[in-house]
Amino acid sequence: MTDHIVHPVTGAHLGDNIVRAQQIEKYFGRNHVLRGLDIDVRQGESVMLIGRSGSGKTTFLRCVNFLEEPSAGWVEIDGLRVDADPLHTRSRAHLEQIRQIRIRSGMVFQEFNLFPHMSVLANLIEAPTKVNHVPKAEAIERAEAYLDKVGLTEKRDEYPQRLSGGQKQRVAIARALCMEPKVLLFDEPTSALDSDLIGEVLKVMEDLAHEGTTMIVVTHEMHFAREAADRVIFLEEGLVVEEGPPEVMLSEPTDGRTQQFLRRFLAD
Amino acid sequence: MIAADAPEPGSVLYQIEDARARARRSFQVKFALTWVALVGGLVVALYVTGNIDTEFISTWAPFIVAGAWVTVYISLISIVLATLLALIGAMGRMSRNPYLNGVASLYVSLVRGTPLIVQVFFIYLALPQVGVVLPAIPSGIIALSFNYGAYMTEIFRAGIQAVPRGQREAAQSLGMPERQLMWRIVLPQAFRIVIPAIGNDFVSMLKDSSLVSFLAVEELLYRAQLVGRQNFRSLEALIIAATIYWILTIAFSFAQQNLEQRMARGDR
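Chains as they are written, first to last, in the numbering used here: chain V, 110 to 377; chain Y, 27 to 294.
Rather than coming from a laboratory, the hints here were simulated on the basis of the structure. Think of the CB as a built atom: it goes at the ideal place given N, C-alpha and C, for glycine as much as any other residue. Among the hints, a few may not be true.
[Stated by the list, open to error] For each label pair, taking beta carbons as the anchor points, the in silico distance ranges come out as:
#: 1; chain 1: Y; residue 1: Val98; chain 2: V; residue 2: Ala202; range: 48 to 58 Å
#: 2; chain 1: Y; residue 1: Val98; chain 2: V; residue 2: Lys245; range: 38 to 48 Å
#: 3; chain 1: V; residue 1: Tyr136; chain 2: Y; residue 2: Leu160; range: 54 to 64 Å
Chain V on its own, in the form it takes in the complex (with noise of 0.2 Å):
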């Protein structure tokens, strides 16, 4: 744990690097869709990825756990560094690597996709009672201390189906953050909810953010990035065009593309 730097908004510390992700490249045929980027987050760091849809925020994320496969560079997550091997997606080593650097990061997707043929409760302990191996007792408590915290005790016995949007999101949260991972990885969490219901999904992550949780997250809510980021990265075309603090970087941003971007955003 060596230079530590003070969180801007808390005062609590941020750790070491822990992930890394570098020189990221995606081809889609031939659509260079990532072209070379350089994204490493620190422990307990919030790093929020702004831009255009197209600009290659989601992709970035996909290929920091793999659900698609870097056309090159590599990611690192905890220790554990796997290169993108666009040639051998189908080797039984490459495949056990994929899913350790998955274990170790959680993600939380635009869609929720919680499993509909399970309940709530069945969700959550799913992943750390059958992967993790924890014993079932001790998943349950652990599901019950974060469905707590999301707000949802009283719902631990439902089916997803009977759940609103919001709630279906924080469950999904809570899932996620069953398995007690190393990051979590926010996929346009709030773009497929009602208005209304947005506020309170944002609330559980900003107070997630505020404890020290590690987190990238792809968003267009950018008083919830003001609020909750301790870095807001912009891209634009595969490549990070301008990273900083979100005071910075939401307010006078130094490159065009940026506040072009900012401006056509916040008249919306």
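Since chain V is already given, all that's left is putting chain Y on it; use the hints.
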């Protein structure tokens, strides 16, 4: 669901609903009368014209009806085996392994490209020539299972592919290995999708199982033909057999509808 208040008696709304209910009842009564008139008319006509031998019926009906158990028994075993074959077949058809995929595709193509009766005879009459001698009932069960398994392979494949991609991604992001993802997340959801189709196939199978009468299996049709020919009373015998098939299919279709409704109502 929102419970609607019952309208005041005498109100316009009440009159409208009352008129609708009366129209519905009237339709149902006329519908039932049509069936009773047609079926009853046919029976009475046959009886009055002296074409029906009631003594034959009272003597042999129990013998023929007992064949229904064999029909149901063969169909039940075959649908279970066909479901297992379809599951394996669907995995094969979706496999990236060219050999597995080749085997599964050949199976589907061959079975769907030849008549069921040819398959029945092939197993019972042709296989002994290469040293495989199977008794009649196992032959019939194998032929029916293989045949329905091939059709159901495509149903299962469609069912598995109908499970949203996000479900796989959520399971992957939690670090689930492929096998667990399949058995715990994808297949339970795919099963709910294909259960109506399995029910339909079971009803068809009840009827198609009559083909094993060619192997001298003493099921419904075989028994009807046997006593019908011996006594020159095929009309009565086949009417009995047809009636039993009809009752069986109606009963199972009804049970299936009930099951579907219960599943639709339950938590998904």
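Evaluated hints:
no., hint, result
1, Y:Val98 <-> V:Ala202: 48 to 58 Å, "holds, 51 Å"
2, Y:Val98 <-> V:Lys245: 38 to 48 Å, "holds, 41 Å"
3, V:Tyr136 <-> Y:Leu160: 54 to 64 Å, "holds, 55 Å"
Of the numbered hints stated above, none is contradicted by the structure.
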